[in-house]
Amino acid sequence: MDINKTGLTSSKATTEALDRFSLHHLDHPGMVLVSKVLEGDNYNTWSRAMRISLSAKDKIGFVTGSIKPPSSTDDSFPSWQHCNNMVISWLLNSIHPDIASSVIYAETASEIWADLRERFSQGNDSRIYQIKRDIVEHRQGQQSISKLKERDEKERVMQFLMGLNDSYAAIRGQILLMQPLPDTRRVYSLVLQQEKQVEVSLNNGNKNHYAMLADRDNKATSAHQVQKQKTPLHCSYCDRDYHSIEKCYYLHGFPIGHKLHGKNMKPPNQRHSNANNVKVETNKAVEIEAKLLPKNDGPRLTTEEYNQLMAMIRKNNGGNSQHFANATGRYYEEDDWPGQAT
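Residue numbers (UniProt numbering): 1 to 342.
Please keep in mind that the hints were generated in silico from the structure rather than gathered at the bench.
Bear in mind the structure is a predicted one, so any value in this text is a computation, not a measurement.
Yeah, the Cβ is synthetic: ideal placement off N, Cα and C, and Gly gets one too.
There's no promise every hint is true.
Stated by the list, open to error - In the DSSO-like style, the derived pairs of lysine-lysine whose C-alpha atoms are separated by at most 30 Å in a straight line are:
| # | residue 1 | residue 2 |
| --- | --- | --- |
| 1 | K132 | K154 |
| 2 | K315 | K266 |
| 3 | K132 | K36 |
| 4 | K147 | K132 |
| 5 | K68 | K57 |
| 6 | K263 | K196 |
| 7 | K36 | K68 |
| 8 | K259 | K315 |
| 9 | K266 | K247 |
| 10 | K247 | K263 |
| 11 | K315 | K247 |
| 12 | K147 | K36 |
| 13 | K36 | K57 |
| 14 | K154 | K196 |
| 15 | K36 | K154 |
| 16 | K149 | K132 |
| 17 | K259 | K247 |
Stated by the list, open to error - Here are the computed distance ranges between Cβ atoms for each label pair:
| # | residue 1 | residue 2 | range |
| --- | --- | --- | --- |
| 18 | N42 | R156 | 26 to 36 Å |
| 19 | S89 | Y188 | 42 to 52 Å |
| 20 | Q130 | Q197 | 56 to 66 Å |
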């Protein structure tokens with residue numbers, strides 16, 4: 001009875017082991033389980049994708065170490081070895097050839113997985129240190145001389161482009177899109193052409209700006225000279241500038257709202273040498289008034305009315321002529337609104 005139970009238990013364990021070591025008929029060593037191979041800096045995303053793919057095929061235990069290799073004398077050893085080699089092939093197909101060459105001699109898939117995790121699952125500080133050390137050392141290694149020169153040339157181009165100002169962002173982007181990347185002499189030539197174009201554009205813009213300023217100044221000067229050369233209006237009645245006798249307030253009366261409206265004011269600058277001059281100026285004013293009277297509109301004066309009006313004017317002027325008979329030169333009164341300037 002005990003012998004039968006022991007046999008059944010051993011047979012069940014063997015069956016479970018064989019189930020774990022089984023493979024689908026479509027599985028083959030050339031399969032690639034992830035879309036992007038491991039290149040070193042993408043270990044975290046690559047490791048996550050590989051674990052998902054291996055778990056879907058029920059082979060995750062081969063890389064985590066949960067499936068231990070049986071004894072070489074065990075009946076399940078050939079099946080385990082078959083599955084282990086299949087998982088190793090999948091791992092090698094999913095990493096960069098340079099990395100694959102360093103782990104190809106590992107005996108188990110778990111050894112490869114542990115090696116990759118130890119090398120590439122580092123913190124940011126460790127990776128930064130590694131990058132800086134590689135930059136400082138910058139040795140040839142196993143690269144050929146031509147590859148080393150090409151790498152050095154590329155780094156010089158990158159350093160030159162990184163030192164450019166933001167004003168060269170456009171030409172810098174165009175250079176980085178070139179395949180293959182041009183050498184330093186070609187890059188310098190392209191950037192120099194861009195600099196010359198910018199200088200030409202700035203010079204043209206400055207010239208146009210200065211030309212506009214000069215043209216504006218010339219126009220302003222010409223307008224000032226024309227205004228300066230233009231003879232101002234002069235009133236022969238009040239002897240003032242900037243209005244004509246036709247619009248003189250002293251002759252025609254001050255407008256409504258002015259404090260002198262309705263008053264018979266004499267211009268303060270009017271010249272009076274003797275009474276005859278006063279009469280001449282008055283007669284001239286009367287003649288001008290007669291010319292300015294509308295010809296067709298308003299009432300007309302009869303001969304009798306006209307004679308009465310002239311008598312009143314002569315009477316008023318006669319008093320003024322007696323007052324100024326012995327006066328010469330200018331005399332001054334209140335200086336307000338000589339006329340309507342034009």
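Here is how each hint holds up against the structure:
Annotation: proposed proximity of K132 to K154 holds, straight-line Cα distance about 17 Å (limit 30 Å). Taken as a hint, the K315 and K266 pair is honoured in the structure, with Cα atoms around 16 Å apart against an allowance of 30 Å. As the CA atoms of K132 and K36 are separated by approximately 26 Å, the hinted pair is consistent with the 30 Å bound. For the hint pairing K147 with K132, the CA-to-CA distance comes to about 21 Å; that is within 30 Å, so the pair holds.
At most 30 Å may separate the alpha-carbon atoms for a hinted pair to count; K68 and K57 meet this at roughly 17 Å. Restraint check for K263 and K196: not satisfied, since their Cα atoms lie roughly 78 Å apart, outside the 30 Å limit. Distance restraint check for K36 and K68: the Cα-Cα separation of roughly 29 Å lies within the 30 Å cut-off, and the hinted pair is therefore satisfied. Under the criterion of a C-alpha separation no larger than 30 Å, the hint pairing K259 with K315 is consistent with the structure, at around 26 Å.
Only pairs whose Cα atoms come within 30 Å are accepted, and K266 paired with K247 is accepted, the gap being roughly 15 Å. Straight-line distance between C-alpha atoms of K247 and K263 comes to about 17 Å, which keeps the hinted pair within the 30 Å bound. Restraint check: the Cα-Cα separation between K315 and K247 comes to about 25 Å, which is no more than 30 Å; the hinted pair holds. With a CA separation close to 25 Å, the supplied pair K147 and K36 stays within the 30 Å bound.
Of the pairs offered as hints, the one joining K36 and K57 holds, with about 19 Å between alpha carbons and a cut-off of 30 Å not exceeded. Annotation: proposed proximity of K154 to K196 holds, straight-line Cα distance about 25 Å (limit 30 Å). Between K36 and K154 the CA atoms are separated by roughly 25 Å; this keeps the pair inside 30 Å, and the hint holds. For the proposed pair K149 and K132, the alpha carbon gap of about 20 Å is at most 30 Å, so the pair holds.
With a C-alpha separation of about 18 Å, the suggested pair K259 and K247 falls inside the 30 Å cut-off, and the hint holds. Range check, N42 to R156: about 27 Å between beta-carbon atoms, so the 26 to 36 Å window is met. Range check, S89 to Y188: Cβ separation about 49 Å, and the 42 to 52 Å hint holds. With their beta carbons about 42 Å apart, Q130 and Q197 fall outside the hinted range of 56 to 66 Å.
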